[in-house]
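**Student:** The listed protein sequences correspond, in order, to chains Y and P. Reading the first sequence from the start, the letters are residues 1051 to 1399 in the working numbering. Reading the second sequence from the start, the letters are residues 144 to 256 in the working numbering.
For the record, the hints were derived by calculation from the structure and aren't laboratory data. If you're wondering where the values come from, they're calculated on a predicted model, not measured in any experiment. Glycine residues also receive a C-beta, built at the ideal position from the N, C-alpha and C atoms. Check the hints yourself; a few may be wrong.
[As the list claims (entries may be wrong)] Covered by chain Y, according to a simulated footprint, are these stretches of chain P (three or more residues, beta-carbon under 8 angstroms):
no., segment
1, 163-175
2, 206-219
3, 237-248
[Said to hold, decoys possible] Calculated lysine-lysine pairs in the DSSO-like style (CA-CA distance at most 30 angstroms, straight line):
no., chain 1, residue 1, chain 2, residue 2
4, Y, 1307, P, 167
5, P, 167, Y, 1068
6, Y, 1179, Y, 1129
7, Y, 1161, Y, 1129
8, Y, 1352, Y, 1294
9, Y, 1169, Y, 1294
10, Y, 1169, Y, 1179
11, Y, 1307, Y, 1385
12, P, 167, Y, 1352
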Amino acid sequence: MAEPDPPIARLLVADDNKVNRLLLTRGLELQGHSVSCAENGRIALELLRREPFDLLLLDIEMPEMDGFQVLEQLTADPKLRDLPVIVTSSLEGLDNIVRCIELGAEDYLPKPVNAVLLKARIGASLEKKRLRDLQKELVRRFATSEVAQDLEQSGFALGGRHVRGSVMFSDIRGFTALVESQPPEETIELLNAYYALMFDAINDHGGVVNQMIGDGLMAIFGAPLPMVDHGVAAVRAALEMVEKVGLLNTRRLAIAKPAIRIGVGIATGELVAGYTGTQKRATYTCIGDTVNLAARLEEHTKTAHRTILIDSATRDALGGHMPVELLGAVSLRGKALPVEVYAVSGPIA
Amino acid sequence: MSDGTIDAATFAELQESAGTDFVKELVQTFLEEAPAMLAELREALAAGNADAFRRAAHSLKSNSLTFGALPLGVLARELELGGFDAARRSNALDVLETEYTRAAQALEALCRG
């Protein structure tokens, strides 16, 4: 067999029947995993809350607390809701199996468990868990702790889904010239200071930074966490970004460094949001026309000589609470028809 | 076994995947545990505890199928699904115990063999 072994993992077997426990443990240990056992659901939950496990093999018919109750408790526990669970049971009735899956079980294996099938399912579950852990880590790095926590509690939507939100692109004007005019370490220092300020401004308004390329960044408002006023939040974040860059410039001018300027593009509409990536890299992102439009608007700030440009949907979201100026219909790259572009002029409470 | 008490293919597969020595231990464990399951069926029936009755029948069914004790598994499943009615309707528990004794002997013979 040239099949690669699944990664070694810490597994918990919950089964009230001793023969089943011994046999499952044997099979899993032969596959190289480390295995603990619990005789019922209550003991299983206690162990799961005390020690880290990579996967739970769960029987359904158990005294004290059955497998259905365990699945319910796991779903309600933010720390355990992502633990992969494979139900191994000789349950009668398709509706019971469906119930397991609906309660969040990753898979169902009928007893007696086939060793080859078990190995394959465990390998797949562990790989999915690894990917989810990686995604969580990436979101944690890009989002504030509050957002990351909310995300964990509300659950990570795997796979694409349609959401309504606002997308922001931002970058530093004339950055390339600036890089060429100063030592590399100063550029890195500037970028770090700049990013810290931009992240603060975006996170303050509920946005999530999901991409950074050089001096540019992309942020999403309204996904992965739904937000009612995502358009307003994005524009407020942009205004705060401009204000923070102003403060940064005051400090820079004091030490005889050139001021920097930024350009921001914001578009609102349908997004396809979800986790993308490969087994080695995965990140939360959004794609679609709205994203492209935001990127084009940001580019257009150079031509229009304005700091913040928004599309008509974002303008509508502002509901007249912030002054905007219609720049007219502009032909943007990648857009068949001219698009109405608005400039946000300044902060109004 | 030629009389069909234990399905030879299932038992051989179990030995192959878990190891012959381990299966011997597993059979011993089953022979230690099963009498308690049979007793639990009678006690649960007397006490009117339907959950305990179903769980004991379920457990016995599950283990029977693991070892290839198919007839025993069928009888246990009847009780798991039929509950008290199935147990009272006939001498189902007596039949179950008789089949268990046959299965236990067959399993011991297979382990010696």
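**Student:** Take the C-alpha atoms of residue 167/P and residue 1068/Y, compute the straight-line distance between them, and say whether it is at most 30 angstroms.
**Tutor:** Satisfied, since the Cα-Cα distance of roughly 14 angstroms is no more than 30 angstroms.
**Student:** CA of residue 1169/Y to CA of residue 1179/Y, is that 30 angstroms or under?
**Tutor:** holds, 15 angstroms
**Student:** Report holds or violated for chain Y covering the segment 237-248 of chain P, Cβ cut-off 8 angstroms, minimum 3 residues.
**Tutor:** violated (count 0)
**Student:** Please work out if residue 1169/Y and residue 1294/Y have their alpha carbons no farther apart than 30 angstroms.
**Tutor:** Answer violated: residue 1169/Y to residue 1294/Y is near 54 angstroms, above 30 angstroms.
**Student:** Does the structure keep residue 1179/Y and residue 1129/Y at a Cα separation of 30 angstroms or less?
**Tutor:** holds, 13 angstroms
**Student:** Using C-beta distances, would you say chain Y covers the segment 206-219 of chain P, given that this needs three or more residues below 8 angstroms?
**Tutor:** Our answer is that it holds, as 3 residues pass the Cβ test (under 8 angstroms) against chain Y, meeting three.
**Student:** Tell me if the straight-line CA distance from residue 1307/Y to residue 167/P falls inside 30 angstroms.
**Tutor:** violated, 81 angstroms
**Student:** Mind checking the alpha carbons of residue 1352/Y and residue 1294/Y for me, to see if they're no more than 30 angstroms apart?
**Tutor:** holds, 20 angstroms
**Student:** Against the 30 angstroms threshold, does the CA-CA distance of residue 167/P and residue 1352/Y hold or violate the hint?
**Tutor:** Violated - the C-alpha atoms of residue 1352/Y and residue 167/P are around 79 angstroms apart, more than 30 angstroms.
**Student:** What's the verdict on residue 1307/Y and residue 1385/Y, does the C-alpha distance respect the 30 angstroms limit or exceed it?
**Tutor:** At roughly 38 angstroms apart (the allowed maximum being 30 angstroms), residue 1385/Y and residue 1307/Y break the hint.
**Student:** In terms of beta carbon proximity below 8 angstroms, does the segment 163-175 of chain P have 3 or more residues touching chain Y?
**Tutor:** With 5 residues closer than 8 angstroms to chain Y, the segment 163-175 of chain P meets the three-residue bar; holds.
**Student:** Between residue 1161/Y and residue 1129/Y, does the CA-CA distance stay at or below 30 angstroms?
**Tutor:** The given pair, whose Cα atoms are some 29 angstroms apart, holds under the 30 angstroms limit.
Violation of the numbered hints given earlier is confined to hints 3, 4, 9, 11 and 12; the remaining hints are satisfied by the structure.
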